[in-house]
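**Q** If you want the building blocks of each chain, they are given just below.
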Amino acid sequence: MPTISDYMSGDHKACDEAFARAEESVAKGDWAAAEAGFKTYKRAMDRHMAMEEEVLFGAFEEETGMRGAGPTEVMRQEHVQMHGLIDEMKTAVDAKDKNEYLGLAETLLVMMQQHNLKEEGMLYQMMDQVLASQAGDLIARCNAFEVASA
Amino acid sequence: MVSAGLNLEQAPPISVPARFFLTAPAFVMLAALVMLWRGPEVFGSRWAPETLAIVHLLALGFLAMVMIGALMQMLPVLAGAPIPWPGPVAHVVHGGLTLGTLSLAAGLLFGEIMLLKVAVWLLAPAFLVFLAAMAASLARVPVFNITVRIMVLVWLAIAVTVIFGLWLAASRSWGPAPFDWSMRNLHPGWGFFGWTGLLVIGVAYQVVPMFQMTPPYPGAMTRWFAMAVFAALLAWSAGTWQEAGGLRLAGALALALFYAGFALVTLDLQRRRRRRVPDVTLLFWRVGMLSLLVASLAWTASVLVDDPPASMAVFLGVVVIAGVVMSVTSGMLYKILPFLAWFHLQARTGMGRQVPNMRQYLGEGLQRRQFWLHLASVFLLAGAALWPMALSRPAALLFGASAAQLLWNLICVMQAYRRQFLLLSGAADAH
Numbered sequence: 541m542p543t544i545s546d547y548m549s550g551d552h553k554a555c556d557e558a559f560a561r562a563e564e565s566v567a568k569g570d571w572a573a574a575e576a577g578f579k580t581y582k583r584a585m586d587r588h589m590a591m592e593e594e595v596l597f598g599a600f601e602e603e604t605g606m607r608g609a610g611p612t613e614v615m616r617q618e619h620v621q622m623h624g625l626i627d628e629m630k631t632a633v634d635a636k637d638k639n640e641y642l643g644l645a646e647t648l649l650v651m652m653q654q655h656n657l658k659e660e661g662m663l664y665q666m667m668d669q670v671l672a673s674q675a676g677d678l679i680a681r682c683n684a685f686e687v688a689s690a
Numbered sequence: 092m093v094s095a096g097l098n099l100e101q102a103p104p105i106s107v108p109a110r111f112f113l114t115a116p117a118f119v120m121l122a123a124l125v126m127l128w129r130g131p132e133v134f135g136s137r138w139a140p141e142t143l144a145i146v147h148l149l150a151l152g153f154l155a156m157v158m159i160g161a162l163m164q165m166l167p168v169l170a171g172a173p174i175p176w177p178g179p180v181a182h183v184v185h186g187g188l189t190l191g192t193l194s195l196a197a198g199l200l201f202g203e204i205m206l207l208k209v210a211v212w213l214l215a216p217a218f219l220v221f222l223a224a225m226a227a228s229l230a231r232v233p234v235f236n237i238t239v240r241i242m243v244l245v246w247l248a249i250a251v252t253v254i255f256g257l258w259l260a261a262s263r264s265w266g267p268a269p270f271d272w273s274m275r276n277l278h279p280g281w282g283f284f285g286w287t288g289l290l291v292i293g294v295a296y297q298v299v300p301m302f303q304m305t306p307p308y309p310g311a312m313t314r315w316f317a318m319a320v321f322a323a324l325l326a327w328s329a330g331t332w333q334e335a336g337g338l339r340l341a342g343a344l345a346l347a348l349f350y351a352g353f354a355l356v357t358l359d360l361q362r363r364r365r366r367r368v369p370d371v372t373l374l375f376w377r378v379g380m381l382s383l384l385v386a387s388l389a390w391t392a393s394v395l396v397d398d399p400p401a402s403m404a405v406f407l408g409v410v411v412i413a414g415v416v417m418s419v420t421s422g423m424l425y426k427i428l429p430f431l432a433w434f435h436l437q438a439r440t441g442m443g444r445q446v447p448n449m450r451q452y453l454g455e456g457l458q459r460r461q462f463w464l465h466l467a468s469v470f471l472l473a474g475a476a477l478w479p480m481a482l483s484r485p486a487a488l489l490f491g492a493s494a495a496q497l498l499w500n501l502i503c504v505m506q507a508y509r510r511q512f513l514l515l516s517g518a519a520d521a522h
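Going line by line, the protein sequences match chains W and L. Here the working numbering is used: the first residue of the first sequence is 541, the next is one more, and so on. Here the working numbering is used: the first residue of the second sequence is 92, the next is one more, and so on.
Keep in mind the hints are simulated off the structure, nothing from the lab. Keep in mind the model is a prediction, meaning the values are calculated, not measured. Any given hint might turn out to be false.
Unchecked claim - No farther apart than 27 angstroms at their CA atoms in a straight line, the calculated lysine-lysine pairs in the BS3-like style are these:
no.: 1; chain 1: L; residue 1: Lys426; chain 2: W; residue 2: Lys636
no.: 2; chain 1: W; residue 1: Lys638; chain 2: W; residue 2: Lys553
no.: 3; chain 1: W; residue 1: Lys568; chain 2: W; residue 2: Lys579
no.: 4; chain 1: L; residue 1: Lys208; chain 2: W; residue 2: Lys638
no.: 5; chain 1: W; residue 1: Lys630; chain 2: L; residue 2: Lys426
no.: 6; chain 1: W; residue 1: Lys630; chain 2: W; residue 2: Lys553
no.: 7; chain 1: W; residue 1: Lys630; chain 2: W; residue 2: Lys579
no.: 8; chain 1: W; residue 1: Lys553; chain 2: W; residue 2: Lys568
no.: 9; chain 1: W; residue 1: Lys553; chain 2: W; residue 2: Lys579
no.: 10; chain 1: L; residue 1: Lys426; chain 2: W; residue 2: Lys568
no.: 11; chain 1: W; residue 1: Lys568; chain 2: W; residue 2: Lys638
no.: 12; chain 1: L; residue 1: Lys426; chain 2: W; residue 2: Lys553
no.: 13; chain 1: W; residue 1: Lys638; chain 2: W; residue 2: Lys579
no.: 14; chain 1: W; residue 1: Lys636; chain 2: W; residue 2: Lys579
no.: 15; chain 1: W; residue 1: Lys630; chain 2: W; residue 2: Lys568
Stated by the list, open to error - Covered stretches of chain W, as calculated for chain L (at least 3 residues, CB under 8 angstroms):
no.: 16; region: 573-582
no.: 17; region: 634-643
For glycine and all other residues, C-beta sits at the position ideal for the given N, C-alpha and C.
Using the sequences and the accompanying hints, generate a full structural model.
**A** Structural data, given as structure tokens:
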């Protein structure tokens, strides 16, 4: 059975893949592919962050009693920052502004990878420990999770 | 306690790393000036006074400067452990390192014993404070992961390098201290194979997959590799110290093999990267790893040959310092400083307001120009090690130009940051 770490780290990879594909299309100036690629990427990111905020973080906070000040709170704040950058990227895709998109993408990349590093290196491992008994159930809920596409 | 490690808001103010990053290229320019002034003598032997001065301007003034600044910034992210009292620590370490390096280089260049003594009194406390702060940070890590383990080895290597260095400086100035000749090889050995090499390995594990979206380093490699390098360094050191030829040779060859292997694996991962957009940092890393291959070959040759020519050691030093370490650190600076500018402005404005993205602090064009200047200077410096009469001064000019461009680029980032900062403060006051 996969752990929460395995499942969520795997989803990071899927998001990265979508990020790279969209960025490459923008760099090539292939705006049709860029638009579709960016949409896929945004949906993957929205879903990933929502799974954390609506399924995993709550369970972790309940189990540890760390609500409002713990590691999950910091991750939530960083999610807000990433959503902000992704929204700006959407504007850049709509405007077909290559430089703006690539600059934002680079900024998001550094932000997102540090964020992932902290989740994969620490938070998910802590979740594996404290949420071990409910892991199967939580992963099933994550799997079934869908976000309304914007 | 756990949240402290995860909280990016505990990152030190931008002035903490920025002062290290902006000082560093100035030391390279100074080294280039000495090279221009003394010309071919610089490349004659690693023991020449001007050579020792230049090596320390680069190793302490640039490499240690950037690495310490980056560690103060990156430890919270890489290891989940903030440095305590970042402001005061940065003051003491940056001040001591800057003045101490100037004093040491001048002391070595002019044979001034008084200056060497001053250097010891400045550098010793600077490193003591830095090592204490780094130890305090590592002692509080929430998860003892592979990066943290490598950082512990790096800490040990810094301590050993500094102790040997202080010992050498003390025996030159206060002398006649008990002096062991092997220390003249052990000091740079621990500096490059230990401190610098292990730090590059530890950082590479995280940032190579991160920036280019490459596959991760093989799990088996990340687990044992850094320890194996450290063990080989210990074997080489013991062999050098005890003049046990077999052990020294085995350790030296193992080091060459490990570092060449690391370079090949890194180049292979980068070849398989998922992120295909052009990236200056990637170019710098590739030059660094190719130089590491060349350096491993040159090192192997120098330990296998009975009486290697003096130019061999000079060539090795050039390839390692300019080719490997300066490439990798410059590439990292172009990611770290613009990101920090964005990050701190973003944290200041709060949510919902846009601040310039990374490329708006520094365009790709300026980074690229510095990359080509750097690459050309690496070739000329390596050439000057072999043909000093013809190439030492052109190499010095290009080396200085590359450093000036780097400094200019970093100043551009900080100026754009400051403009935005004032703009945002003005906007905040108006409300």
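**Q** Could you run down the list of hints and mark each one as holding or not?
**A** Status of each hint after checking the structure:
no.: 1; hint: L/Lys426 <-> W/Lys636; in the structure: holds (25 angstroms)
no.: 2; hint: W/Lys638 <-> W/Lys553; in the structure: holds (24 angstroms)
no.: 3; hint: W/Lys568 <-> W/Lys579; in the structure: holds (17 angstroms)
no.: 4; hint: L/Lys208 <-> W/Lys638; in the structure: violated (56 angstroms)
no.: 5; hint: W/Lys630 <-> L/Lys426; in the structure: holds (23 angstroms)
no.: 6; hint: W/Lys630 <-> W/Lys553; in the structure: holds (21 angstroms)
no.: 7; hint: W/Lys630 <-> W/Lys579; in the structure: holds (9 angstroms)
no.: 8; hint: W/Lys553 <-> W/Lys568; in the structure: holds (23 angstroms)
no.: 9; hint: W/Lys553 <-> W/Lys579; in the structure: holds (17 angstroms)
no.: 10; hint: L/Lys426 <-> W/Lys568; in the structure: holds (22 angstroms)
no.: 11; hint: W/Lys568 <-> W/Lys638; in the structure: holds (9 angstroms)
no.: 12; hint: L/Lys426 <-> W/Lys553; in the structure: holds (21 angstroms)
no.: 13; hint: W/Lys638 <-> W/Lys579; in the structure: holds (16 angstroms)
no.: 14; hint: W/Lys636 <-> W/Lys579; in the structure: holds (14 angstroms)
no.: 15; hint: W/Lys630 <-> W/Lys568; in the structure: holds (17 angstroms)
no.: 16; hint: 573-582; in the structure: violated (count 0)
no.: 17; hint: 634-643; in the structure: holds (count 4)
Hint compliance for this structure: hints 4, 16 are not met, and every other hint is.
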